[in-house]
Amino acid sequence: AQKITQTQPGMFVQEKEAVTLDCTYDTSDQSYGLFWYKQPSSGEMIFLIYQGSYDEQNATEGRYSLNFQKARKSANLVISASQLGDSAMYFCAMREGAGNTGKLIFGQGTTLQVKP
Amino acid sequence: NAGVMQNPRHLVRRRGQEARLRCSPMKGHSHVYWYRQLPEEGLKFMVYLQKENIIDESGMPKERFSAEFPKEGPSILRIQQVVRGDSAAYFCASSPGISGNTIYFGEGSWLTVV
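Residue numbers (this note's numbering), protein chains in the order written: chain X, 1 to 116; chain H, 1001 to 1114.
Hints may be right or wrong, so weigh each one.
Here are the simulated SDA-like cross-link-like pairs (lysine to any residue), alpha carbons at most 20 Å apart as the crow flies [unchecked claim]:
hint, chain 1, residue 1, chain 2, residue 2
1, H, Lys1027, H, Asn1101
2, H, Lys1027, X, Thr7
3, H, Lys1044, X, Glu56
Anything over 10 Å on all C-beta distances counts as not near chain H; from chain X, calculated [said to hold, decoys possible]:
hint, residue
4, Lys16
5, Ala18
6, Ser42
7, Tyr64
8, Arg72
9, Asn76
10, Leu84
11, Thr101
12, Gln108
13, Val114
Below, a sample of chain X positions facing chain H; criterion: calculated Cβ distance under 10 Å [unchecked claim]:
hint, residue
14, Ala1
15, Val19
16, Thr20
None of these hints come from the bench; they were simulated from the model. Backbone N, C-alpha and C define an ideal beta-carbon position, used for all residues, glycine too.
If we strip away everything but chain X, and leave its shape as in the complex, we get:
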């Protein structure tokens, strides 16, 4: 069965520093997609970044990058130059099953607090 694991319930980072949020996954599919979402205290789910299993380059979107290590089945999110507005819950997710759908399984999330 497919599974997403986020082992860090909470993380602290100093403003302007970089931080890595861990995500490991388990799947027997050869083709899959990995997502990261941000959920601030206001509750909405904000799409951050996507990595396809066949993408050779690590995905990057502004200050967000995904450290994709396929052999280790990890897809860690790196946030560079942290800002106070980055304080939020972060979820790693994987597309579940075959096909190119939006059916995702989510990890338990990591709460990030950025210190001034």
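Model the placement of chain H on the given structure of chain X, informed by the hints.
Structure of chain H alone, referenced to chain X:
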């Protein structure tokens, strides 16, 4: 995630009442997904719909819950005879037909059952 519209944002229902949550997907998106988030947990998939069709409802509770996405109008998640355990945030997401790497969520609907 701009463009996926959910309403109401907050809904309070007494036990036994019905709750109806609405979702209008992003323009050009024909696939809709409903997820539920219980307190302190990640999102759990409920149902996947295209216009007038339920594609996958493997995450839907067997009773009291139903979903539709009519030809015209928003998708609706309906919960009949609500119980306290239904209190949660319900998120709608949409994607275009082909590309599965652009999945955007709405702002969520928070249901409180008293």
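Consistency of the hints with the structure:
Proximity of Lys1027 (chain H) to Asn1101 (chain H) is assessed by CA-CA distance (about 16 Å); at most 20 Å being required, the pair is judged to hold. Pair hint Lys1027 (chain H) plus Thr7 (chain X) does not hold up; C-alpha atoms about 36 Å apart against a cutoff of 20 Å. Only pairs whose Cα atoms come within 20 Å are accepted, and Lys1044 (chain H) paired with Glu56 (chain X) is rejected, the gap being roughly 29 Å. The claim that Lys16 (chain X) is not at the interface with chain H holds, since no C-beta of that chain comes within 10 Å of its own (minimum 26 Å).
For Ala18 (chain X), the requirement that its beta carbon stay farther than 10 Å from each beta carbon of chain H is met, with the minimum near 24 Å. The beta carbon of Ser42 (chain X) sits about 8 Å from the closest Cβ of chain H, which is not more than 10 Å, so the claim that it is off the interface is violated. Listed as a non-interface residue, Tyr64 (chain X) keeps its Cβ farther than 10 Å from every Cβ of chain H; the least gap is roughly 15 Å. Once the 10 Å rule is applied to beta carbons, Arg72 (chain X) is consistent with being away from chain H; the minimum gap is 22 Å.
With a cut of 10 Å on Cβ distances, Asn76 (chain X) stays outside the contact zone with chain H, its closest approach being about 17 Å. With a closest Cβ-Cβ approach of about 21 Å to chain H, Leu84 (chain X) is found to remain outside the 10 Å limit, as its non-interface label requires. Distance check on Thr101 (chain X): its Cβ comes as close as 6 Å (rounded) to a Cβ of chain H, failing to clear the 10 Å threshold; non-interface status is violated. Taking the minimum C-beta to C-beta distance to chain H, about 5 Å, the non-interface status of Gln108 (chain X) is violated against the 10 Å cut.
Every Cβ of chain H is farther than 10 Å from the Cβ of Val114 (chain X); the closest lies at roughly 21 Å, confirming the non-interface assignment. The restraint placing Ala1 (chain X) at the interface with chain H is violated, with a minimum CB-CB distance near 13 Å, outside the 10 Å limit. This hint is violated: Val19 (chain X) has a C-beta 20 Å from the nearest C-beta of chain H, more than the 10 Å allowed. Given the 10 Å rule on beta carbons, the hint for Thr20 (chain X) is violated: about 19 Å separates it from the nearest Cβ of chain H.
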